[in-house]
Amino acid sequence: MPTLPSVGTRFTYSGQLGTVRFVGEVQGATGIWIGVEWDDPNRGKHDGVKGDKRIPNAGSFIRPSPAISYGTSFLEALYSKYIEIPHGSGMEKVILGSSNGAIEVEAVGLDKIRGKLSNVERLREVSLDNEQVASSDPRGKIKETCPGRSSPA
1 MPTLPSVGTR
11 FTYSGQLGTV
21 RFVGEVQGAT
31 GIWIGVEWDD
41 PNRGKHDGVK
51 GDKRIPNAGS
61 FIRPSPAISY
71 GTSFLEALYS
81 KYIEIPHGSG
91 MEKVILGSSN
101 GAIEVEAVGL
111 DKIRGKLSNV
121 ERLREVSLDN
131 EQVASSDPRG
141 KIKETCPGRS
151 SPA
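Sequential numbering from 1 applies to the sequence shown in the UniProt record's numbering.
No wet-lab data here; the hints were simulated from the structure.
Be careful, since some hints might not be right.
[To be verified] Computed Cβ-Cβ distance ranges for the label pairs, DEER-style:
#, residue 1, residue 2, range
1, R63, P41, 30 to 40 Å
2, L123, T30, 20 to 30 Å
3, G28, E125, 49 to 59 Å
4, S73, R124, 35 to 45 Å
5, A29, S127, 21 to 31 Å
6, K143, E104, 34 to 44 Å
7, E144, A102, 35 to 45 Å
8, P138, N42, 10 to 20 Å
9, A29, T145, 37 to 47 Å
10, E25, S136, 42 to 52 Å
11, P66, G140, 11 to 21 Å
Remember, it's a predicted structure, so these values are computed and weren't measured experimentally.
The beta-carbon is built from N, C-alpha and C at its ideal position, and this holds for glycine as well.
Throw the hints in and build the complete structure from the sequences for me.
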């Protein structure tokens with residue numbers, strides 16, 4: 001069985017974002033359910049009532065599933081995006097987006113660029129947009145990993 005989340009945990013499921021509001025058994029149904037409040041107010045079938053039990057602000061009940069992503073910590077996302085991982089050949093296809101559509105380009109030497117970026121101490125700025133950061137790391141661990149860096153004002 002997949003690990004059960006805590007109430008308040010952020011997640012993605014089928015491309016939709018939400019917050020866990022309830023975890024447990026629901027009267028009249030078997031097994032464990034997760035009551036969720038979706039970020040999209042138009043998603044969900046009810047207000048969180050099943051039988052005579054009300055679970056506030058839960059737009060849907062879903063079953064625990066490996067398809068639910070509970071995100072990652074800041075440092076896990078940082079390492080995943082910026083730390084060197086062998087990628088095989090020195091040539092990759094890269095898709096560049098623009099308002100006029102996508103352009104496919106063959107890029108050579110990306111491994112060399114990744115190698116320079118992989119030293120997190122040398123990074124001046126990082127962007128973890130779309131990296132599903134959902135939790136912090138133990139106190140002091142980010143400062144230890146990225147000395148001399150501060151968060152934006």
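For each hint, the structure was consulted:
{"no.": "1", "hint": "R63 x P41: 30 to 40 Å", "in the structure": "23 Å, violated"}
{"no.": "2", "hint": "L123 x T30: 20 to 30 Å", "in the structure": "49 Å, violated"}
{"no.": "3", "hint": "G28 x E125: 49 to 59 Å", "in the structure": "52 Å, holds"}
{"no.": "4", "hint": "S73 x R124: 35 to 45 Å", "in the structure": "22 Å, violated"}
{"no.": "5", "hint": "A29 x S127: 21 to 31 Å", "in the structure": "42 Å, violated"}
{"no.": "6", "hint": "K143 x E104: 34 to 44 Å", "in the structure": "40 Å, holds"}
{"no.": "7", "hint": "E144 x A102: 35 to 45 Å", "in the structure": "40 Å, holds"}
{"no.": "8", "hint": "P138 x N42: 10 to 20 Å", "in the structure": "38 Å, violated"}
{"no.": "9", "hint": "A29 x T145: 37 to 47 Å", "in the structure": "44 Å, holds"}
{"no.": "10", "hint": "E25 x S136: 42 to 52 Å", "in the structure": "31 Å, violated"}
{"no.": "11", "hint": "P66 x G140: 11 to 21 Å", "in the structure": "32 Å, violated"}
Hint violations for this structure: numbers 1, 2, 4, 5, 8, 10, 11, all remaining hints satisfied.
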